[in-house]
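S.K.: Turn these sequences into a full structure, and let the hints guide you.
The C-terminal position of the sequence shown is numbered 1054 in our numbering, with every residue numbered one higher than the one before it.
Everything labelled a hint here was simulated from the structure, so no lab data went into it. Do not take every clue at face value.
Once the Cα atoms are required to be at most 27 Å apart in a straight line, the calculated BS3-like pairs of lysine-lysine come out as [stated by the list, open to error]:
(1) K1029 to K1015
(2) K1016 to K1029
(3) K1032 to K1016
Pairwise CB distance ranges, derived in the manner of DEER restraints [claimed, not checked]:
(4) I996 to G1025: 21 to 29 Å
(5) W998 to E1038: 21 to 29 Å
(6) L1024 to I996: 25 to 33 Å
(7) S1035 to K1015: 29 to 37 Å
(8) Q1000 to I1028: 18 to 26 Å
(9) A1034 to G1013: 30 to 38 Å
We treat Cβ as the ideally placed atom computed from N, Cα and C, and that holds for glycine.
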Amino acid sequence: MSLYIIPLMIGWPQIVLIAIVILLIFGGKKIPELMRGLGSGIKEFKDASKEEDQPKTTTTTPTEEKMK
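M.R.: Okay, structure coming up:
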């Protein structure tokens, strides 16, 4: 294994440590607000990506139909 990859390997102990640090920094009351904001941001992103996937309908005017 490369020495550059070893520090990037995150296991359960590191995840628990990160969660504890976040809890200490933001406190118990602020975390639900942060998660709510994160959830709404993800929802908006998904909605925007769904709008991009839908084909755009174009309306043709009678003059455009005559040209075809």
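S.K.: Tell me, which hint numbers fail for this structure?
M.R.: 5 and 6
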